[in-house]
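**Student:** Just so you know, the sequences run in chain order A, G and Y. Going left to right, the first sequence walks through residues 423 to 736 as this note's numbering numbers them. Going left to right, the second sequence walks through residues 10 to 389 as this note's numbering numbers them. Going left to right, the third sequence walks through residues 88 to 384 as this note's numbering numbers them.
What the hints contain is simulated information worked out from the structure, not anything from laboratory work. Treat the hints loosely; a few may be bogus.
Estimated spans, in silico, between C-beta atoms of each pair [as the list claims (entries may be wrong)]:
hint, chain 1, residue 1, chain 2, residue 2, range
1, G, H326, Y, Q269, 42 to 52 angstroms
2, Y, V302, G, L236, 53 to 63 angstroms
3, Y, V302, G, H111, 23 to 33 angstroms
4, Y, S339, A, A505, 28 to 38 angstroms
5, Y, V129, A, I721, 35 to 45 angstroms
6, Y, S150, A, S540, 30 to 40 angstroms
7, G, S47, A, F714, 46 to 56 angstroms
8, G, H111, Y, V368, 35 to 45 angstroms
9, A, Q624, Y, S339, 45 to 55 angstroms
10, G, S171, Y, Q370, 38 to 48 angstroms
11, G, E120, Y, Q269, 34 to 44 angstroms
12, G, E142, Y, V302, 15 to 25 angstroms
13, A, A582, Y, E327, 40 to 50 angstroms
Quantities reported herein were computed from a predicted structural model and do not represent experimental measurements. Heads up, the beta-carbon is just placed ideally off N, CA and C, and yes, glycines get one too.
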Amino acid sequence: MPEKVIRSTFSAVPLRGGLAAQRVRRAWWMAAPMLLVLAAVGGWPLLRTIWLSLTDSELSRLDDYAFIGLENYIGEYGLLASADWWQAVANTLLFTGLSVSLETLLGLGVALLLNQPSRLRTLLRAALLVPWAIPTVVSAKMWSWMLHDQFGIVNHQLLALGLIATPLAWTADPQLALFSIVLVDVWKATPYMALLILAALQMVPVDCYEAARVDGVPRWQVFRRVTLPLILPGILVAVVFRTLDALRVFDLIYVMTSNSRDTQSMSVFVREQLIDFGLVGYGSAAASCLFFMVALLSIVAMGLMRKTFERAAA
Amino acid sequence: MSRIALRGVSKFFGNIPVLKDIDLDIASGEFCVFVGPSGCGKSTLLRLLAGLEEVSAGEIEIDGLLVNQLPPAQRNVAMVFQSYALYPHMSVYQNMAFGLQHRKLAAGEIEQRIAGAVRILQLDGLLQRRPRELSGGQRQRVAIARAIVRQPKVFLFDEPLSNLDAALRVQTRLEIARLHRALGSASMVYVTHDQVEAMTLADRIVLLQPLAGRTDALSVAQSGPPLDLYHHPANRFVAGFIGSPAMNFVEATVKSLCHPGVAVDVLGTIWDARVSSRGLMPGEAVTLGIRPEHVLLGQGTQRARVSHVERLGELSHVYLELPGSGTALLAKSPRDDIATDELLPFDLPPQAMHLFRSDGVAQARYAAQQPADPAHSAFP
Amino acid sequence: MSGLTEAREAPAASPRRQAPGRRRFPRGRIGYWAASLLFVFVSVFPLLYALSSSFKQGAGLFSPTLWPAAPTLANYSGVFAEQPFAQNLLNSLLVAGCVVALSLGLSLMAAWAFGRVQFRGRGLLLMLILSASMLPQVAVLSGMFELVRFFGLYDSLGALVIADLVLTLPFTVWVLVTFVRQLPKELEEAAAMDGVGVLTLVFRVFMPLLWPAMVATGLLAFIAAWNEFLFALTFTLSTEARTVPVAIALISTASGFELPWGRIMAASVIVTLPLVALVVVFQRRIVAGLSAGAVKG
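Throw the hints in and build the complete structure from the sequences for me.
**Tutor:** Structure follows, in structure tokens:
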């Protein structure tokens, strides 16, 4: 018998190059076009951006640049010494914090609304998708018009209701502009949040609710003790997605307030340096900073989420 | 020449053996059924033949060709899947034609083959339907037709009846048997967990046992014609698996070796078994086996209390409490008036006995055939 | 009808009282309807207001009534007359169409590999693809700019097709992998028995079966490409090469002093209404696609 086992193990070796291996080779061939394209349009440009951030490259002389190390970051006129950059960082963080927390709360509410079995459901879902589908540029323009300081309907109605005495310059007033931007972002992105939370809600087994109902647990308690813990991982995922998305905000701010220092986000800052000022090296340094920030956050989030999921599974 | 030959075929998933050292020859035109409890690897064995899984060791020959490295389509086999695996977006016709078109067959040839399959399986009028517009039985027939048009040397069936309801299952079973006769030289390999299907369809049954991680056991528990497995099970596993309800097993000790046969002691009662005494020693612990249909009720010197009766209509299952033990002995009886707690005389005829040594191996039986239906003759 | 008492008792309602008929409590019902209506109003109002403004002109624009006093189509004709807006629309359509076709084709092939075959490095690659969807657009901007110039595609639609792939590919792959995994394994095995190659399997068996998923994923990719702004703004220069988001963002009067809000709203409506129609028609599919990408992520 031992002989036979040995023979089996040996004769198994040459078969490794057989059908299974062929299948794996095919898999690589099938994945290759997509991987190559993604590497070409994602990986390569990213690496180039990081490389260019270590040079003094400029838009007017793209092929003629010198390696200058970390000068763009920590030099005398480097990023870390730039007040405008730190202003952009602060704007972005404030924008992200405000909009994501509002979107989470509202998204949860809307998801609960949509989770009710009702004839209204189709209408609600359609209404939900409208702001999501509208191009960001268009929503920025629509809201800019509604928030117009002289002719906008928002000021008009607020004045009519006596809530304000004089028209507010929603997008021009440095105090207000960022909040206006947050408002539009909340309008536009809450649907996405709500959809993700709704997906989590719909995965809560009905038995859980029925068990709680049979036990006579009050509704609020059911939500707090049963629903919320079960959908928390789903909410976390949604929050992470939205946070990473909000950190790179560009369209909304660019269209609503252009290159104004008071509301400029990191992405807007990058593009201004890169294209408007032609400082490819310096702009790339800013872009790299944003990238590393997002990457770091993703890694931390993944670690955290894994822990949460493991706890939920345990 | 054998159509399919397996030589020392083994399959491991990781380090876990699923199939071990299978040697098997299936003849041209033979209907071979792989049967066994779940986890015995019967479906895996079929998939090895199909080329959907790769052997870990050993060789598979189909039609004289070593196929270990050949992809499924080049093995001259066709498979009928448990879930039918019809392409949902294609009509019945397209389902049959799809594979043929990929073999670059002439359109006329395809037409002709499909027409043939339609005739055999009575699919007239269904050709333009989608699978979801068909009943379960019709889907099953389309799946078989799709295999037929390939004109393979070997048909592989993976539990093809398990998704059908009971009535349809019997009908389709008959159709498959008819098909096998009609197709003549093609071999069929058929996987099932249902021993009735195995017994009724097979020229040969290959009974597989689960290895359950053991490395010393072999996968094939016994292979042979159905009635051989029924009358001469090679070991306790086969004896217990074939036959329904399962064979009764009673612990016993060898009392004396007589010729022909063995006398065994079951809780103080001596029974004769007409089996070979080779290798047995008096005093050795053995297991006595007897099928429920062979226990004689209403005659004999022993009496036992009836602990429970299941009346099935055509017959009754009678549970006897063996005197002096809690062991129940199941007997089949055509009577439907046996009552619980009744004291019934019973007999265990020596020629119906099976005897298994402590390692499970059966002693050869002398009786070539069963005694003429004793259970039924007992009550005229 | 003791609605009030019932409402007050609702939180402590005993199971026996709730069991028959699953009665709804009026207060909760009213709250539900009020919240729903408010939500629908907030969601849809900006679009309605834009629609209304697009029919107003001159002084009419300054009165914020929803129904225009003197409805006019002047803004719509203006959009097409004063800039190559038809060209811009066609550009957007071309870019989005190409991006959708390329993304779906490449992703479906890859989805078979990632969804059906166990190979070393699969998990790592999937993670990389997922993280590519988190990539800030500006982080690839300068590298992409070089790439676009290298291929001589600056100020052409090809540049946008290439650039937009980085936005769409990660999630089309991700979503299609989850859908491919749900297809029964036997279908693929039946195809193997039939002797069809992988490409045939993917495009003649999987694709027809995944039609709903393809529609959903394709719509998401289409919307992403249709709405894309940063690349389109950066990689095109001439007004003829612009896509609609850029065209709308850059609409201005000849004087460049006050923005022509009527025309901007007209252009916005033109761009948005087809999208809204698509979204309303395919809402179930889109929701399924969005959730599939995220929940498994």
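**Student:** All the hints need checking, so say for each whether the structure fits it.
**Tutor:** Evaluated hints:
1. G:H326 - Y:Q269: 42 to 52 angstroms: Once the Cβ atoms are compared, 45 angstroms apart, the range 42 to 52 angstroms for Y:Q269 and G:H326 holds.
2. Y:V302 - G:L236: 53 to 63 angstroms: 58 angstroms, holds
3. Y:V302 - G:H111: 23 to 33 angstroms: Holds: the Cβ-Cβ distance is about 27 angstroms, inside 23 to 33 angstroms.
4. Y:S339 - A:A505: 28 to 38 angstroms: Given range 28 to 38 angstroms: holds, Cβ gap about 31 angstroms.
5. Y:V129 - A:I721: 35 to 45 angstroms: Hint holds: Cβ distance 36 angstroms, inside 35 to 45 angstroms.
6. Y:S150 - A:S540: 30 to 40 angstroms: 37 angstroms, holds
7. G:S47 - A:F714: 46 to 56 angstroms: Check passed, 53 angstroms falls within 46 to 56 angstroms.
8. G:H111 - Y:V368: 35 to 45 angstroms: 37 angstroms, holds
9. A:Q624 - Y:S339: 45 to 55 angstroms: 46 angstroms Cβ-Cβ, so the 45 to 55 angstroms window holds.
10. G:S171 - Y:Q370: 38 to 48 angstroms: With Cβ atoms ~39 angstroms apart, the hint holds.
11. G:E120 - Y:Q269: 34 to 44 angstroms: With Cβ atoms ~35 angstroms apart, the hint holds.
12. G:E142 - Y:V302: 15 to 25 angstroms: Roughly 23 angstroms apart at Cβ, these two residues keep to the hinted range, so it holds.
13. A:A582 - Y:E327: 40 to 50 angstroms: 44 angstroms, holds
Hint compliance for this structure: no hint is broken.
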